[in-house]
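Participant: These protein sequence lines are chains A, B and C, in that order.
Its first residue numbered 168, the first sequence is counted upward by one per residue in the working numbering.
Its first residue numbered 144, the second sequence is counted upward by one per residue in the working numbering.
Its first residue numbered 3, the third sequence is counted upward by one per residue in the working numbering.
FYI, nobody ran anything at the bench for these hints, they're computed from the structure.
Everything numeric in this text was worked out from a predicted model, so none of it was measured.
Even for Gly, the Cβ is constructed at its ideal location relative to N, Cα and C.
Misleading hints may appear alongside valid ones.
[Claimed, not checked] Computed, partial: chain A to chain B, Cβ under 8 Å:
# : residue
1 : A212
2 : L299
3 : I326
4 : F453
[To be verified] With a Cα cut of at most 30 Å, we get these calculated DSBU-like pairs of lysine-lysine:
#  : chain 1 : residue 1 : chain 2 : residue 2
5  : A       : K475      : B       : K182
6  : B       : K618      : C       : K33
7  : B       : K507      : C       : K109
8  : C       : K109      : B       : K426
9  : C       : K132      : C       : K162
10 : A       : K475      : B       : K381
11 : B       : K425      : C       : K162
12 : C       : K109      : B       : K618
13 : C       : K126      : B       : K425
14 : B       : K507      : A       : K475
[To be verified] Chain B stretches covered by chain C per the calculated footprint, using a threshold of three residues with CB under 8 Å from any CB of chain C:
#  : stretch
15 : 184-195
16 : 488-499
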Amino acid sequence: MAIESAEKAGPKRYQRARQGISTRQRVTEGAIEWALFLAGASSIAITVGVLSVLIYESAGFFAHVSVWEFLTGTQWFPQFDPPKFGILPLICGTLVTTAVALSVAIPVGTIIAIYLSEYAPHRLRNILKPVLELLSAVPTVVYGFFALSFVTPFLQLFIPGLPGFNMLGPGLVMGVMIIPYVSSLSEDAMHAVPMTMREGSYGMGATKMQTAWRVVFPSALSGITAAYILGISRALGETMIVALAAGLEPTLTMDPRQPAATITAYIVQVSGGDLPHGSIGYQSIFAAGLVLLLMTLVFNVWGYRLRKRYREIY
Amino acid sequence: MVADNQSNSKNPDSVPAAPSATYSAGISPEIIAGLHRRKRWDRAFSTCGFLLVMGALSVLAMLFGQLVYEGGGRLFRGHFVNDEGFSPKINEIAGILQHSGDDFASNWELAQRPLTIANASERLTAEELTSLIGKKVIVDGDVPSTGLSEMESNTIAASDEESPKKYSKVSLHGTLSQSGGSWVVTPSPLAILPAEGQPLDKSWVGNQVAVGFGLAKSLPLKTKSIEKLSFQNFFASKPSSKAEEAGILTALVGSVLVVVVTMCLAIPLGIAAGVWLEEYAKKNWLTALIEINIANLAGVPSIVWGLMALGIFVYFLDLGRSILTAGLTLGLLVLPIVIMATREAIRTIPSHIREASYACGATKWQTVRHHVIPYSMGGILTGTIIGLSRAIGETAPLITIGALTFVTSLPAFSWSNPFAWLNSGFTVMPIQIFGWVSRPQEDFRENAAAASIVLLALTLALNTTAIYFRNQLRKKIKW
Amino acid sequence: MPITTSESNNAESKKPDIKVSGSLVSMDPSKTKADVQNLNFWYGENNAVKNLTIPVADRKVTALIGPSGCGKSTFLRCFNRMHDLYPNTRYEGQIILQPHGLDLLSKAVDPLEVRMRVSMVFQKPNPFPKSIFENVAYGLRIRGVCDKAFIAEKVETALKGAALWEETKNRLQRPAFNLSGGQQQRLCIARALAVEPEIVLFDEPTSALDPIATGKIEDLIDVLKERLTIVIVTHNMQQASRVSDYTAFMYLGQLVEFNETQKMFVSPTNPLTEQYITGSFG
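Input sequences plus hints: build the corresponding full structure.
Facilitator: Below you can see the structure in the form of structure tokens.
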């Protein structure tokens, strides 16, 4: 019998392995599982770290400035005496640049997604999709430089009196940066719509465009919305483009042609200087960061839910 | 098609009508018109989609074009900066600014004439000069200045020695070559820059120098010295307060070191976490929490990571504004990217491969180590490269933790303490760009653009590699 | 060993009441390799294998037949504890490995030890994306064998045992994916043989193969049974009659009939078995 012959011959280790698993191996297995678990759980520690730093430093800030004043004040002048910490101008700047960006990214991204998913030949789609994703790989500081040195001067040709720092230029550039986030995820969602649904529509004599807008788009809506939300979250948190090209004065204005500061730009501006640790200015960037984190968190959780849902559908 | 069938079935014996006639046989003209309209819209939409894709890509092209336009010269042109103590005097006419064509006001060109270095051997040995052959040097020259605009050309030439003030200094870039035992600099006309920082183009010459139309056929240009003979490479020089002497050496080295630390943290931790989630985690609330948590970490704005690092790494753990701090910060930032890539890659491995391994008697860890990780390595690599490119381009969190924009020394390395560099101050490429863009002097914008080209090329190259890997992988393994 | 009649404990089942026929196979305990005793298996709440008792004869081929979803694959995968890989699964009963009397399903027995003794060949050929040599050597490597000459010898023996040596001896370092489907399946058999198991489980090994490749594998099984115990799941009754010595017919998770293959196919005692064998259902 083969087994017996094997037990006669063969290295000792092999014979031992045939008896079963050694204790050492068992311990190794357990230790590795624990190590891997710790790696997985480290993400929780990281989140706790982020939140606790922001909350701890913000608590110091709110000991000096009331939450009400912080959230409703319309003036943000940290360097004044007495300083004024009303975050509305920063939020306003953030929202306006985000709105400009989305007004580019959402329509363009959606149409590109439909084109790639419904019209483009398979091979073209496989080339264009990753190439488009390069748009979001460009370092944001390079985009900022581009907005400052090209887009704004270009816009000045059409909009007389546009200041060198404004929200329109960086907003548009940000929109271009976000296009791949919107188009790729939307395209994934549309691609996941089963062919039978399209066939149903084509069978009725619909054109591709009608099928895309009336059947595919609504079916993929939760995925597409998730893509939009990811885009919003990116735009809210974008820093370097606005810090370089939108100016750094906190002004409460809805006019994208005006210069303004965003939350992120303020944090960059302050930390670029040399603020003493523990001063109110130092603490103020954490309070601003906390507001930013909460704003993006809402969108992130919402987007995660939607993505999960559309994955479950198909 | 439908109409065709109907008409045929009704009159099977009739001769099939021409296509245009069959349409009208069963379908009203309104519907035909509607069909045409719908088809037109469809085509228009398809074209629109394609144009938008191309439009988006053209932004990338414009971005690159703008950078090359602004900074390409700085990047590809070598600079020779002053080599201490070397300034052989040359008093020869390097070239003549002369007008050509009919338009007296604008068509002025520098007629090149090689310029011999007369007393070079005094300060510079023949070997040193030989090593510079073929490279570009800056030649300091004089051109007639604004004040002389009323004078005639021969007057200028004659008055050179008596009134040297009337010449303004200009730097010529020329190529050093050797001809018949002596060294010769041939200036290139395009590189002429007047001292004010204004480009000396034809129109400048026309406005400032051209003297009495018709009178002046040529203006002599005198050079005083070859002042700058030490090659200054943009990549190999440190930051400087003089724009043209500044380079990206420290930033490049800083970027590499920071990214090394980043990857040392993110790759093992990310793969481990991804493997745990896919292979070990049981379905319970803790796993669900970790999953949603990682998805959220991926969406945290990068500047918030900087704030976290400022609070924890810089002040709480007292790691200082060092390479270690920067690397850890970026490591945490790209961690979710690596985790997600790992999970995606592992999910593509079919369960029968795992079963085959278990059926051979492999333990869980053996299955993971021999099969799951190797077969998903391509996907993990792709994700890691994308994370890497993100880390290289990230600016905001590093500003927050206080990266310096002006670092003139490289991190020291010694064998006695091989990890000392972790604690040194640093700058990285994006920070260097940010620093240069923020400077008020125009000259630094050229540097910023040049450094941007380097950074952009780096990130795009990394991303293209990642795409290539992904495609190769899809081709290679079909389960 | 008598086959116990099991009542259908699935009260809501509207399916025909299954009577296990009385064709008992009395088998000398010294000739069994494994004794399955009162085996129940659950996927969550779903009782997929119900109260199974079968003796598996040593160095013989035992075939499991039955319509799709009857639990034959599920039963097979109990032998090497494959179900341990997935959550919400539960075993009850025993599979006693002879002659040592080791209960394969016991909580105290590590599934890995079971899998070191019981190899498996799957429905679809599933070679690892490694070279041919590494595929066969895999089982040895994970057992910690480093001796190159020993591994090479075992790989050769296994490939010869799987009738694949002549075709592959010149390209052992080539990727296993380059082999044809039938060759891949024989490679998987070689992989299972290389560790010299006591039992080899075949889960519909030929369902993804063409008739010629199927024939080769059946010949192989015939040779292998001289030194190994084989349990094979097949949906193909001709195959069962060709390769097996004993056959068990399962239906809805229960054993309907178990007998020597010759007797089973010539004179089935249970009407359900007869219907299935004659092809009137299933």
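Participant: Taking 8 Å as the C-beta cutoff, is the stated coverage of the stretch 184-195 of chain B by chain C satisfied by three or more residues?
Facilitator: This one is violated; 0 residues, fewer than the three required, reach chain C with a Cβ under 8 Å.
Participant: Identify whether the interface hint at I326(A) stands, where standing means a beta carbon of chain B within less than 8 Å of its own.
Facilitator: violated, 19 Å
Participant: Does K182(B) lie within 30 Å of K475(A) when you go C-alpha to C-alpha?
Facilitator: Distance ~36 Å between K475(A) and K182(B) Cα, so the pair is violated.
Participant: Just to be careful: measuring from the Cβ of F453(A) to every Cβ in chain B, is the smallest value less than 8 Å?
Facilitator: holds, 6 Å
Participant: Is the coverage entry for the stretch 488-499 of chain B by chain C consistent with the three-residue Cβ rule at 8 Å?
Facilitator: holds (count 6)
Participant: Can the restraint linking K507(B) and K109(C) be considered satisfied, given a maximum Cα separation of 30 Å?
Facilitator: holds, 17 Å
Participant: L299(A) was flagged as interface toward chain B. Is the shortest Cβ-Cβ separation under 8 Å?
Facilitator: holds, 6 Å
Participant: Between the alpha carbons of K126(C) and K425(B), is the straight-line distance 30 Å or under?
Facilitator: holds, 28 Å
Participant: With the threshold set at 30 Å, check whether the alpha-carbon distance from K475(A) to K381(B) stays at or below it.
Facilitator: violated, 49 Å
Participant: With a cut-off of 30 Å on the C-alpha distance, tell me whether K618(B) and K33(C) pass.
Facilitator: Not satisfied, since the Cα-Cα distance of roughly 51 Å exceeds 30 Å.
Participant: Is the Cα-Cα distance between K132(C) and K162(C) 30 Å or less?
Facilitator: holds, 19 Å
Participant: Hint check: K109(C) vs K618(B), CA-CA at most 30 Å. Holds or violated?
Facilitator: violated, 43 Å
In summary, the structure is inconsistent with hints 1, 3, 5, 6, 10, 11, 12 and 15 from the numbered list given earlier, while agreeing with the others.
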